[in-house]
Amino acid sequence: MPLLSDIAKLIGFPPPAGADIDITGLATLDEAQASELSFVGSEQYLPLLQNTKAAAVIVQKRVKLPNTWTRPALMVDDADLAIAKVLRLIAPPVPRPPLGIDQMARVETSATLGDGVSVGPFVYIGHRARIGNRVALHAGVYIGDDVVIGDDCELFPHVTLRERIVLGQRVIIHAGSVLGTDGFGYRWDGKQHQKIPQIGTVIVEDDVEIGSCVCIDRAKFSTTRIGRGTKIDNLVQIGHNVQVGPHCIIVGQAGLAGSSKLGAGVVLGGQTAVRDHISIGDGAMAAACSAIAEDVEAKQIVSGMPALPHRQSLREQAALRRLPDLVVQIRKLQDELDLLKGK
Amino acid sequence: MPLLSDIAKLIGFPPPAGADIDITGLATLDEAQASELSFVGSEQYLPLLQNTKAAAVIVQKRVKLPNTWTRPALMVDDADLAIAKVLRLIAPPVPRPPLGIDQMARVETSATLGDGVSVGPFVYIGHRARIGNRVALHAGVYIGDDVVIGDDCELFPHVTLRERIVLGQRVIIHAGSVLGTDGFGYRWDGKQHQKIPQIGTVIVEDDVEIGSCVCIDRAKFSTTRIGRGTKIDNLVQIGHNVQVGPHCIIVGQAGLAGSSKLGAGVVLGGQTAVRDHISIGDGAMAAACSAIAEDVEAKQIVSGMPALPHRQSLREQAALRRLPDLVVQIRKLQDELDLLKGK
Amino acid sequence: MPLLSDIAKLIGFPPPAGADIDITGLATLDEAQASELSFVGSEQYLPLLQNTKAAAVIVQKRVKLPNTWTRPALMVDDADLAIAKVLRLIAPPVPRPPLGIDQMARVETSATLGDGVSVGPFVYIGHRARIGNRVALHAGVYIGDDVVIGDDCELFPHVTLRERIVLGQRVIIHAGSVLGTDGFGYRWDGKQHQKIPQIGTVIVEDDVEIGSCVCIDRAKFSTTRIGRGTKIDNLVQIGHNVQVGPHCIIVGQAGLAGSSKLGAGVVLGGQTAVRDHISIGDGAMAAACSAIAEDVEAKQIVSGMPALPHRQSLREQAALRRLPDLVVQIRKLQDELDLLKGK
Chain A
1 MPLLSDIAKL IGFPPPAGAD IDITGLATLD EAQASELSFV GSEQYLPLLQ
51 NTKAAAVIVQ KRVKLPNTWT RPALMVDDAD LAIAKVLRLI APPVPRPPLG
101 IDQMARVETS ATLGDGVSVG PFVYIGHRAR IGNRVALHAG VYIGDDVVIG
151 DDCELFPHVT LRERIVLGQR VIIHAGSVLG TDGFGYRWDG KQHQKIPQIG
201 TVIVEDDVEI GSCVCIDRAK FSTTRIGRGT KIDNLVQIGH NVQVGPHCII
251 VGQAGLAGSS KLGAGVVLGG QTAVRDHISI GDGAMAAACS AIAEDVEAKQ
301 IVSGMPALPH RQSLREQAAL RRLPDLVVQI RKLQDELDLL KGK
Chain B
1 MPLLSDIAKL IGFPPPAGAD IDITGLATLD EAQASELSFV GSEQYLPLLQ
51 NTKAAAVIVQ KRVKLPNTWT RPALMVDDAD LAIAKVLRLI APPVPRPPLG
101 IDQMARVETS ATLGDGVSVG PFVYIGHRAR IGNRVALHAG VYIGDDVVIG
151 DDCELFPHVT LRERIVLGQR VIIHAGSVLG TDGFGYRWDG KQHQKIPQIG
201 TVIVEDDVEI GSCVCIDRAK FSTTRIGRGT KIDNLVQIGH NVQVGPHCII
251 VGQAGLAGSS KLGAGVVLGG QTAVRDHISI GDGAMAAACS AIAEDVEAKQ
301 IVSGMPALPH RQSLREQAAL RRLPDLVVQI RKLQDELDLL KGK
Chain C
1 MPLLSDIAKL IGFPPPAGAD IDITGLATLD EAQASELSFV GSEQYLPLLQ
51 NTKAAAVIVQ KRVKLPNTWT RPALMVDDAD LAIAKVLRLI APPVPRPPLG
101 IDQMARVETS ATLGDGVSVG PFVYIGHRAR IGNRVALHAG VYIGDDVVIG
151 DDCELFPHVT LRERIVLGQR VIIHAGSVLG TDGFGYRWDG KQHQKIPQIG
201 TVIVEDDVEI GSCVCIDRAK FSTTRIGRGT KIDNLVQIGH NVQVGPHCII
251 VGQAGLAGSS KLGAGVVLGG QTAVRDHISI GDGAMAAACS AIAEDVEAKQ
301 IVSGMPALPH RQSLREQAAL RRLPDLVVQI RKLQDELDLL KGK
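Line order of the protein sequences matches chains A, B and C. So in the working numbering the end of the first sequence lands on 343, straight run, no missing numbers. So in the working numbering the end of the second sequence lands on 343, straight run, no missing numbers. So in the working numbering the end of the third sequence lands on 343, straight run, no missing numbers.
Misleading hints may appear alongside valid ones.
Because identical chains share one entry, a pair is satisfied inside a single copy or across any pair of copies.
Stated by the list, open to error - Below 30 Å or equal to it, Euclidean Cα-Cα: the simulated DSS-like pairs (lysine-lysine) are:
1) 299 - 332
2) 53 - 195
3) 195 - 9
4) 191 - 9
5) 261 - 195
6) 53 - 64
7) 195 - 85
8) 261 - 64
9) 85 - 9
10) 53 - 261
11) 191 - 61
Honestly, the hints are just simulated from the structure, not real lab data.
So that you can see chain A by itself, here it is in the shape it has in the complex:
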C-alpha cells in the first residue's frame, strides 16, 4: 500500500501536511472509503465533496475547493493523467496460472515453450507451436498447430488461436476471442454456395491488445494483419485480408469487411461499419455508428450512415431537423405563388 506522500511525489505535487497515511485504493467521491483517494475533475462534482469519506483528493487545478475541505488535496494540471499514474501504482497484479504446465493441460510434444511460461488447466497447445518467454495462457486457451507466440503475451480464458496464427510480443487477448476462423468466402455454382478455401493466416504485431469475443478471420491467402500498438475493443469483427495499421483504436462492435485497410492511428467509434476493400487514411477518425462506404482521406473526420465528412454530416443533420417545417413552408410558398400567378 502506497503512502499518500508517495502518490503526491508520483504526480508531481509537494506532499501536503498529513501525507504519511496509507492509501488503499482510488474511488469516486461517493464510493470512496476512509482510506481511499478520490478526485475532483470539474466543478460539477464539488457538491459530492461534503459527504465523501475519501482520505484525500486529487483536484484539477482550475477547480476551486471550498474552504470547508480540510483534508489533503493534490492539485494537478491533468487529473486524468494523474489518475492513470495512481492506477498504475496501486493496480493489483492480474492473477495468472502458476509457472509451468498444468497437469490438466495438453501440450503436444513437438510444441516448444520459452522460459517462465504459465499454462493453465484445460489449455491445448498444438503440434509445432512455439510459445515465447514469460507467456501466460489462462485456463481453456486453445493454440492450434504451428502457431507462433512472442514473448510476454497473455491470453485469457477460452481464447482460440487457430493453426498458423502469429502473435508478436506483449500481445494481450481477452477471453473468448477467436483468431484464424476461415474468411467468409463462397462462390455460387448454380446449385449451392461453394466454399473458397481460406489458406492465409493472421499476424498480430507487438503491443496489440484485443478485447473479448473479437473475431479476426484468416486471409483467403497472404495475411490479415493487425499493426503494432493497435487496441481493439470487445465484439469487433475483422474480415479476411483486412490490414489494420499501427496504433489504431477500434471501439466495441465495429466491423471491418474483407480487404479493408486502415492507415496508422485510425480511430473507429463503436458499431462503425467499414465496407470491403475501403481504404482509410492515417489519422482519420469515424464517429460511432458510421457506415464507411467510400475511401476516407488521411486525418479526415467522418460520421453518419453513409459516412460523410463530419462537417457535412452535421449540416445535413441540422437541415433534416428542419425538414418537417420546410415541407409546410414549401406548401405555403406554392400556395402564395399560385395566388400571385392567378392575379
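Use these hints to put chains B and C onto chain A, whose structure you have.
Below, chains B and C alone, put in the same frame as chain A:
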C-alpha cells in the same frame, strides 16, 4: 405429462368434455402432433385449424372458432399469458451437471462451495472464490480468484468470470459470456497508447439474466453494475463503469459505452448504441438501432440515428420520404417565380 | 506440391513453356515468394508486376501484360474462379484431433458415436447424444444431452450446442458459437420480468456453415431453423423461432429478431437488423447496415435505416446531400416571393 384438464385448470377455464387426455407438448397449429396442444391467438390463424393434428387449442376469446372444430377449445382473455403458464408447466428441466465436483474440474483449495453445488468437467474455480448454495457451473466455466457467486446461480458452458466479479442470487449467465475484461482505456503518450489499469470490478445483482457472448467490462475503478432483475440478450457490449438500473431490458447486439447510466425499467432495442457518460431516465425506451448521443428523460421514447424523441423521428422520416419530390417541386417553384419576376 | 502444369490444366489453360516447376502457394503480387503463384485481376495491379517475385501469374483475359513480363502467364476468363480452384488444390488440410476419443474428453456412456469420429481434449458429450460418422469435435466443444449431429460435421474449439439441438450433415461451426440458448422472452408481472420457458430447439440443416461467436437461440416452442446450404458469418444474432431459408448469406454482425423469416437465397449485408416477425422473400437482398422493419418482397433490394427499396433509398440520400443547400434556396425563394407580393 399433464392432463388437458390440469392445463384448463391452470389457465382458469372449466375443463371441457374429453379433457382427461395426456398433453405431451405445445406447438404451432401446423407443427403440433396429435398429443400436443396448440393455440389460436388471432383470426389470421383460423385457416390452419382445418389441418392441424393438435389434440386441443387455446383460443383468444375474441376469435370465433368455426363450427367444424369439434376438439376441445380453451377460451382465454390473454392467450400469451396462458401459453406462458402452460410452458412453465410442461418445460423439461434444464440438464445440469450432477451434484458435486467433477473429477475433471479444478477447484483451488481456498475456494469455498455451498451446499448442493454442481460443478461440471473442465470448470476452473480460482483462489478464495466463494460459491453459494445450489449453484450450477456447467462444463468449461471459468471462475477467477476472489469471485463471489450468490445462491441458485446458473452459469452455462464457457462462461468466464474474471477475478473479483460479484454475482447476486439467481443470476443466469448463458454460454460464452465474459464478465470482468479490462475496460477499454488508454492514453496516448506521444509514441503509443499507454494502457490505463482497470482496477474496478463488476457487480451483477439478484435475478439478472445475461445472454450468450455478452461482454461486461470491469470498471476503471469502483464498479460496473447491472441492477436487479435486468435481462440482457446475446452479444451485448457493456463498457467500464456503466450503471444499469433494475428491471431493464437490453436487446441483442446493443452497446453501452463507458460510464453510461440507465435508470430503472429502461428498454433498449436491438443494436442500440449508447454514447459514453449518457444518462437514460427511468422507464425510457429506445427503438432498435437507435444511436443515443444525448441524455434521455424518464419515460421518453426515442428512435433514429441520432436518436430523437420518437414522434419527431417519425415526422422527419415522413418528410424524408417526400424529399426527392420536394427537390423537384422547389425547382419548379423557382422556375415559376423567375418567370413571374421576368414579367 | 502441384506443378504449374497441373494448375494450368486445372484452370483450363494450355501449360505454358517452363511449367514443370513446383508451386508452393498463392499470394498477392507484392507478397509472393519465388516459388509461388500470383495473379492480375485488373489493370490497376500491373505496376506491381515489375517487382513481384512470383514464379508465374494467373491473368484476367482482358488485361494486357507488358512485354517485359517473361515468366509464365495463365490467361483465364474468370480470375476469381481460377483462384478458387487453385486454392482448393493447394489448401493444406485443416488440422483435426486424431481419430477416437481423447483421454481428457468426457463422453457420457449413453452417447453414441459413429465411425471415424475425432473427439479432442476437454470435449463434453452429454447423455444420449448421437454423433454421426466422421464428425470432428475440436478441443473444448460442448455437446448437450440428446443432441443429434449428422455425418461429416466439424465443430471448432469452444462451440456450445445446448441440449436437444439437431445438426444435419456436413455442418461446420466455427469457434465460440453458441446454439440453443434460451430465447429472450419475459412477461412483466407488475413486479419483475417473469421468464417464459423456452422449450423448443434449433435445427440446422445440411451444408450450413456458421462463423465464430454466432448466437442462435432455441425456440419458445417448435424450432428455430437454419435452412440447408445457408452460410452465416461471425457475431450474428439469430433470435428464437427465426426461420432462415436455404442458401442464404448472412454477413457479420447481422441480427435477426425473434420469429423473423427469410426465404431462399436471401442475402443480408453486415450489421443488418431484421425486426421480429418480419418476412423477407426469396432472393431479396439487404445492403449492409439496413434496418428492416417491414416485410420485403422476393427479389427486392433494400437499403437504409429504415430499409427502403434501394432505388428509393438512393434517391433520398441524393436529395439529402442537397438538403442544406435547399434550406438556403427556400429562404431566398421566400424572400423573392415576399418582394413580389409587396410590389
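Status of each hint after checking the structure:
Taking the shortest alpha-carbon separations for residue 299 and residue 332, neither the intra-copy value of 44 Å nor the inter-copy value of 35 Å comes in at or below 30 Å. Taking the closest pair of Cα atoms, residue 53 and residue 195 come within 30 Å of each other only across two copies (28 Å); inside a single copy the shortest separation is 62 Å, beyond that limit. For the homomeric pair residue 195 and residue 9, the shortest alpha-carbon distance between copies (21 Å) is at most 30 Å, but the shortest distance inside one copy (61 Å) is not. For a Cα distance limit of 30 Å, the shortest separation of residue 191 from residue 9 across copies, 24 Å, qualifies, whereas the shortest one inside one copy, 72 Å, does not.
Proximity of residue 261 to residue 195 under the C-alpha cut-off of 30 Å is found in both arrangements, the shortest distances being 24 Å within a copy and 24 Å between copies. Proximity of residue 53 to residue 64 under the C-alpha cut-off of 30 Å is restricted to the intra-copy arrangement: shortest distance 19 Å within a copy versus 67 Å between copies. In this homomeric assembly, residue 195 and residue 85 come within 30 Å of each other (Cα to Cα) only across copies, at 10 Å, whereas the closest approach inside a single copy is 50 Å. Proximity of residue 261 and residue 64 under a CA criterion of 30 Å is satisfied inter-copy only: 27 Å between copies versus 47 Å inside one chain copy.
In this assembly of identical chains, residue 85 and residue 9 lie within 30 Å of each other by CA distance solely inside one copy; the values are 11 Å within and 64 Å between copies. Taking the closest pair of Cα atoms, residue 53 and residue 261 come within 30 Å of each other only across two copies (23 Å); inside a single copy the shortest separation is 50 Å, beyond that limit. Taking the shortest Cα distances, residue 191 and residue 61 sit within 30 Å of each other only across copies (26 Å), while inside one copy they are farther apart (70 Å).
Hint check: a violation occurs at hint 1 only; the rest are consistent with the structure.
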